[in-house]
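Protein chains in written order, with the working numbering: chain A, 1 to 352; chain B, 1 to 314.
Honestly, the hints are just simulated from the structure, not real lab data.
Don't take every hint at face value.
Each computed PhoX-like pair below joins lysine-lysine, with the alpha-carbon atoms no more than 20 Å apart [to be verified]:
#1 B/K208 with A/K83
#2 B/K218 with A/K83
#3 B/K208 with A/K90
#4 A/K94 with B/K218
#5 B/K218 with B/K126
#6 A/K94 with B/K208
#7 A/K287 with A/K297
Here are a few chain B residues that sit away from chain A, every Cβ distance over 12 Å (derived from the structure) [claimed, not checked]:
#8 V23
#9 F36
#10 L57
#11 I63
#12 N67
#13 F68
#14 D71
#15 R171
#16 R270
Predicted, not measured: the structure shown is a model, and the values here were computed from it.
The beta carbon of each residue, even a glycine, is placed where N, CA and C say it ideally should be.
Listed below are the residues making up each chain.
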Amino acid sequence: MDNSNVILSVKDLVVKFNLRGKILTAIRGASLDLYEGESLAIVGESGAGKSVFTKTFMGLLDANGWIDSGSILYKGEDLAKYKTEDDWIKIRGKEFAMVFQEPMTSLNPLRTIGSQVEEAVVLHQGLTGEEAKQKVIEILDDVGIQDPERRYYQYPHEFSGGMRQRVVIAIAVACNPRILICDEPTTALDVTIQAQILNLLKELQKKYNLTIIYITHDLGVVANVADRIAVMYAGDIIEIGTSEEVFYNAQHPYTWALLSSLPQLGVKGQDLYSIKGTPPNLFNEIKGDAFAPRNDKALKIDFIKRPPYFEVSPTHKAKTWLLDPRAPKVEPPESIKFLRRKWKVKANERSE
Amino acid sequence: MLKYSAKRLLQSVVTLFLVVTIVFLLMRLMPEEGYFGEGYEKLDEAQREAILASMGLRDPIHIQLKNFYSDLFKGDLGESIIYRPKVAIAEILKSKIPYSVKFGVAAMAISLVVGIPLGILMARSKNQLWDKLGTGYIVFINAVPAAVYYLLLQLYVTDIFKLPILYNPDRPSSWILPAISMSLGGTASYAMWMRRYMVDELNKDYVKLARAKGLREKSIMVRHVLKNAIVPMVQYLPTSLLYTVSGSIYIESLYSIPGMGGLLVDAIQRQDNTLVQALVLIYSSIGIIGLFLGDILMASLDPRIKLDRKEGAR
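Could you build the full structure based on these sequences and the hints that come with them?
Now the structure itself:
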């Protein structure tokens, strides 16, 4: 975060869906400031609302979903107010681009790789003909596709999964966006390819000055790439801070639970920790802290009143009553204590 | 592509050869009365044998097959025995096929021109007015026996628009109603399948990516979805082609069009063995040609289709 210009500011966003007449609240008043040039990871369980949250920035919600209240400020405009296709066309690709989870199906099987990347180049870089083609080949080369002149004319079925994901990334980069949203970019790939793709994204971030939002449930991915981490639970960001802060000095019981379930932190001979229960039903109104029913150390107030953000440091805040000065002392689990000891060592090293 | 077409063509020829041979052999199993026409009962055993021998039916089977093929290559389909005795089958067909093809092609053109856009419209307005109207039409056509609405059309539309009731080669206004009636079923099925494939494609991830790329809905439709949805439609080509030649038994009898409709059924009922043989041969050839054309068309649209390599879409 060497450059602390906020380029995207989301305030109290509420997103609802109508599912066969029943109203579901997918995002419950989430706020987020995104800084230029950073990479932010949004982590959380399936169904926490990570994808929906970022889709609202590009107007890509499904037809049965809408922004109920809140604002999304970008370049002085409130994207939450955008309604028509004409509005969104100004944003999609040009300002925000997206890398999807499923490289196997994200490309049109009947059109060549080249033409699909070229579409973005023509649309957003104003190039045509031979110029556009040269640009496409240059971008394909940038994303690590060998022999791009030949690959230009090939079809998606002639590419492996990892290569297809590179093409999807090439399409995103070809749009020349400022913000790149990567929705679980490595989930569908095998482990060796995952690391390659993450490295590639890091390189491209430098080369093209991108601000990247990673959506993932894989904390390993997060540790590799993110400057900051936002933890999402039941449609709200319950803790946000720099990667180190969230990893080593987590404050919210849900973040504790998430970290404790990492195999790396397990104790040999003991069963790996898993969070009991299921995420709350978003059809119902949620009172208090959404995680309270699954938290054995929940306080009484957790069931009554929704916690506000408490600041831990200027860059780190969490929505939990545990941070209230009046709260009783609650011992975090062993694995978190272990991480905090490491955090103290690191802090000492820094101050020396 | 060329290699694929050549291979596919070779396969078609072999299939056709097999089908024709099997049909020929099956026809040899039919009762022999079918070769005599009127007056079979009046002949005694020796006379019957003499006639059969003169037709070459007492030769060993491989000789018969050889003769059959050599006639076939000369374009000789034999003579009808009962349907129109002693008239060359080619002659009969020549007088009938043009009528059926004329109406068949017209009906197919109408079905395509109306059905495909209707399907697209329905997919784009899914669950809205046009979709519901279209679905109503499709359900009606599939649920109500064709004879009912054919009759209703003939009864009322001829009255309202003052159209002639029967077909008359010299009055083009009498051609309209049979062609439209015949197209109704095709329109419904094209619209139904087109809608289905469009909806399928619209839900695919690449459409989401195209949207995120910043393409407008219209360009997504034209550049991505339409072509991908048309590809699976190609599989209906062989049947459509067959219908244009075989004619519609209802329509042709309703408007008294002297076409092919019902000819095969007629020939089978009256045991006109040579005519049955010729018709089955023609229909199966058209079917095979339709399949061949469909495959070639599909391969030219979809790069994943290749006959010579086992890899491809996974």
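Okay, the hints, checked on the actual structure:
1. B/K208 with A/K83: Holds - the C-alpha atoms of A/K83 and B/K208 are around 18 Å apart, at most 20 Å.
2. B/K218 with A/K83: holds (17 Å)
3. B/K208 with A/K90: OK: B/K208 and A/K90 at ~17 Å, within 20 Å.
4. A/K94 with B/K218: Roughly 18 Å between the alpha carbons, so the hint for A/K94 and B/K218 holds.
5. B/K218 with B/K126: Answer holds: B/K218 to B/K126 is near 16 Å, not above 20 Å.
6. A/K94 with B/K208: Holds - the C-alpha atoms of B/K208 and A/K94 are around 16 Å apart, at most 20 Å.
7. A/K287 with A/K297: holds (17 Å)
8. V23: At roughly 38 Å from the nearest Cβ of chain A, B/V23 sits farther out than 12 Å, so the non-interface label holds.
9. F36: At roughly 58 Å from the nearest Cβ of chain A, B/F36 sits farther out than 12 Å, so the non-interface label holds.
10. L57: For B/L57, whose nearest Cβ neighbour in chain A is about 54 Å away, the distance exceeds 12 Å, so it holds.
11. I63: holds (52 Å)
12. N67: For B/N67, whose nearest Cβ neighbour in chain A is about 49 Å away, the distance exceeds 12 Å, so it holds.
13. F68: B/F68 is indeed farther than 12 Å from all Cβ atoms of chain A, at 45 Å.
14. D71: holds (46 Å)
15. R171: holds (46 Å)
16. R270: holds (50 Å)
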